[in-house]
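**Q** Going line by line, the protein sequences match chains A and B. If you're matching positions, the first sequence starts at 6 in the working numbering and goes up one per residue. If you're matching positions, the second sequence starts at 6 in the working numbering and goes up one per residue.
Calculated from the structure, these hints are not laboratory results. Please note that a few of the clues may not be correct.
For identical chains, the list gives no copy identity; a pair is met inside one copy or between any two copies.
In silico lysine-lysine, DSS-like type, Cα no more than 25 Å apart, as pairs [what the hints assert, rightly or not]: (1) Lys-31 / Lys-173; (2) Lys-265 / Lys-324; (3) Lys-267 / Lys-70; (4) Lys-166 / Lys-31; (5) Lys-268 / Lys-31; (6) Lys-230 / Lys-28.
Number of protein chains: 2
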Amino acid sequence: MKGLELFNVIKNDMEIVERELKKIVKTHDPLLTETSAHLLNAGGKRLRPAFALVAGRTCEAKSDKIICLAVALELIHMASLVHDDVVDASYTRRGMPTVKANWGDQVSIYTGTYLFARSLDLIARCDNPVISRILADISVRMCEGEIRQIATSYDSDQTVKDYFFRIKSKTALLISASCELGAVACGAQERQVKALSRYGYYLGMAFQITDDILDFTASQQELGKPVGSDLRQGIVTLPVIFALTLSPDRERLAGIVKIKDKKEGEVLEAISIVKQCGAIEKAYGVANRYIEKAKNELKYLPSGRATDSLAFIADFISKRRY
Amino acid sequence: MKGLELFNVIKNDMEIVERELKKIVKTHDPLLTETSAHLLNAGGKRLRPAFALVAGRTCEAKSDKIICLAVALELIHMASLVHDDVVDASYTRRGMPTVKANWGDQVSIYTGTYLFARSLDLIARCDNPVISRILADISVRMCEGEIRQIATSYDSDQTVKDYFFRIKSKTALLISASCELGAVACGAQERQVKALSRYGYYLGMAFQITDDILDFTASQQELGKPVGSDLRQGIVTLPVIFALTLSPDRERLAGIVKIKDKKEGEVLEAISIVKQCGAIEKAYGVANRYIEKAKNELKYLPSGRATDSLAFIADFISKRRY
Chain A
6 MKGLELFNVI KNDMEIVERE LKKIVKTHDP LLTETSAHLL NAGGKRLRPA
56 FALVAGRTCE AKSDKIICLA VALELIHMAS LVHDDVVDAS YTRRGMPTVK
106 ANWGDQVSIY TGTYLFARSL DLIARCDNPV ISRILADISV RMCEGEIRQI
156 ATSYDSDQTV KDYFFRIKSK TALLISASCE LGAVACGAQE RQVKALSRYG
206 YYLGMAFQIT DDILDFTASQ QELGKPVGSD LRQGIVTLPV IFALTLSPDR
256 ERLAGIVKIK DKKEGEVLEA ISIVKQCGAI EKAYGVANRY IEKAKNELKY
306 LPSGRATDSL AFIADFISKR RY
Chain B
6 MKGLELFNVI KNDMEIVERE LKKIVKTHDP LLTETSAHLL NAGGKRLRPA
56 FALVAGRTCE AKSDKIICLA VALELIHMAS LVHDDVVDAS YTRRGMPTVK
106 ANWGDQVSIY TGTYLFARSL DLIARCDNPV ISRILADISV RMCEGEIRQI
156 ATSYDSDQTV KDYFFRIKSK TALLISASCE LGAVACGAQE RQVKALSRYG
206 YYLGMAFQIT DDILDFTASQ QELGKPVGSD LRQGIVTLPV IFALTLSPDR
256 ERLAGIVKIK DKKEGEVLEA ISIVKQCGAI EKAYGVANRY IEKAKNELKY
306 LPSGRATDSL AFIADFISKR RY
């Protein structure tokens with residue numbers, strides 16, 4: 006995602022977060038230092054820290070705990086990415102080799118758990134039981150979502166509801182918590198905290214739907230990984246679910262979805278079926294409705310630069326095409 | 006480990022812990038419920054909860070938080086076992102198929118992370134920042150130890166110090182924390198907390214050394230997994246390190262240690278070299294010195310049934326032969 010200038014309001018704090026992340030990955034162990042640094046340098050949008058910081062800025066108060074929280078959120082996200090790359094057998098992410106590709110599954114599993122454990126350490130230092138509880142709860146639900154994704158892979162009988170459950174667990178909950186806890190850390194009022202939690206949830210849903218659409222519509226270069234990766238891994242996303250009702254070739258598509266080891270031609274055929282039946286446009290429609298819902302929550306926040314940023318970010322996500 | 010009657014003093018509380026564990030593994034997700042219940046029913050000594058409860062009993066005060074803590078400790082341990090089974094490619098543990106064997110690596114990774122996340126949830130509910138911080142710190146160090154184990158596997162040039170670092174991270178720290186935090190949860194005095202922490206550390210070291218010896222001396226039936234498993238996986242334990250200096254066949258042993266895909270005959274030959282040179286006896290000597298150190302810490306605790314139990318447990322561990 007380009008357009009991080011949208012986060013100008015928190016530019017200085019984001020630099021502090023980046024420095025803290027760099028410090029954290031310097032461990033006692035040379036191998037863990039290397040794998041964690043590789044992961045950090047592979048980039049990423051630092052979206053979760055950014056949301057926490059902007060959400061915090063919508064409040065009057067400031068907090069020295071918010072940097073800790075922001076770093077912890079990114080570590081949880083990074084931990085989930087390393088484990089995902091093992092589970093999905095992914096060799097590239099954002100155009101770079103994954104930890105799995107360079108160091109193998111064993112090292113990846115412990116690097117992920119290690120980063121997760123480091124996040125706990127930071128969360129404990131936030132000294133706020135609400136933060137600890139919400140993040141523990143979300144970590145549990147993220148795992149439930151991932152297990153659902155495995156259990157339902159290559160299954161062409163999924164409903165939109167199944168899909169929503171999965172992307173909520175995988176993406177929306179942590180983005181929602183980032184917004185919510187940024188406000189909690191700054192001592193915001195209950196009404197504001199709840200509005201930010203809902204904003205993050207709706208935005209997270211829109212973000213993941215857009216991500217899943219781009220897996221069909223963007224180029225390999227834009228994606229930093231092969232087009233149609235989800236399809237190859239058996240992950241059934243919203244455009245496919247829509248195409249399985251909309252397309253005249255729905256039976257052929259269902260057949261391809263179920264194939265465990267798809268040939269390149271089959272993947273391309275499925276992509277073409279999905280793109281030709283209006284499923285992409287329908288999925289964008291859903292994403293846009295979530296964006297509208299997200300923006301609608303902003304009326305509960307005090308007006309100002311931070312709240313404006315949140316509106317811009319919502320618009321940006323609805324428009325990104327790569 | 007038989008001899009759980011040693012824990013009679015906490016029998017009722019252990020039954021509560023077991024019921025709580027059974028409740029916890031009933032999740033929203035059918036697959037996670039199945040994998041977690043499989044893991045729970047595969048048995049285990051529940052050593053960490055037991056230590057926390059006995060340590061708590063050495064104090065005057067009682068605490069309703071201690072059950073939560075005890076369950077959380079077992080969940081952390083279970084989580085580490087599932088991940089270890091993936092990393093070590095183990096198909097049986099305690100004579101039962103592992104989660105990896107039944108459901109594969111992908112499901113195992115998330116089951117492990119899920120159990121770890123559930124433990125966080127419980128730790129957050131302990132509402133004690135000391136407990137949160139110590140367990141976060143230990144989780145980090147457990148991962149560091151596991152990564153060291155991978156990085157040093159099949160390496161015959163390891164020192165006793167390298168080995169001690171690994172077993173400290175892998176086993177002793179969590180047992181030490183179990184004893185320490187049991188006391189913390191019950192509001193014990195600083196001196197007592199520290200003595201219990203050291204007791205647990207020494208006992209944990211002795212426990213792991215004994216475990217590593219039994220991998221050579223016990224039968225497959227007693228172990229619930231093949232004899233010489235560590236050797237097969239390239240994990241260099243204390244008896245091997247000693248044999249690499251003591252044995253006239255040390256060069257042959259070093260050669261076998263380095264082989265990645267050992268033939269059955271090579272494993273048996275290495276076991277025989279280790280057993281014939283006095284390395285086993287020397288390793289038992291080290292374990293016994295740790296046991297003595299553990300027992301020596303008990304003088305800082307008030308006398309009573311709980312403290313007596315801790316002495317009995319130490320003796321039991323030094324004597325177990327399977």
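**Q** Each hint should be assessed against the structure and marked as holding or not.
**A** Hint by hint, here is what the structure shows:
{"no.": "1", "hint": "Lys-31 / Lys-173", "result": "between (32 Å within a copy, 21 Å between copies)"}
{"no.": "2", "hint": "Lys-265 / Lys-324", "result": "neither (33 Å within a copy, 52 Å between copies)"}
{"no.": "3", "hint": "Lys-267 / Lys-70", "result": "neither (48 Å within a copy, 52 Å between copies)"}
{"no.": "4", "hint": "Lys-166 / Lys-31", "result": "between (42 Å within a copy, 23 Å between copies)"}
{"no.": "5", "hint": "Lys-268 / Lys-31", "result": "neither (42 Å within a copy, 39 Å between copies)"}
{"no.": "6", "hint": "Lys-230 / Lys-28", "result": "neither (29 Å within a copy, 41 Å between copies)"}
Violation of the numbered hints given earlier is confined to hints 2, 3, 5, 6; the remaining hints are satisfied by the structure.
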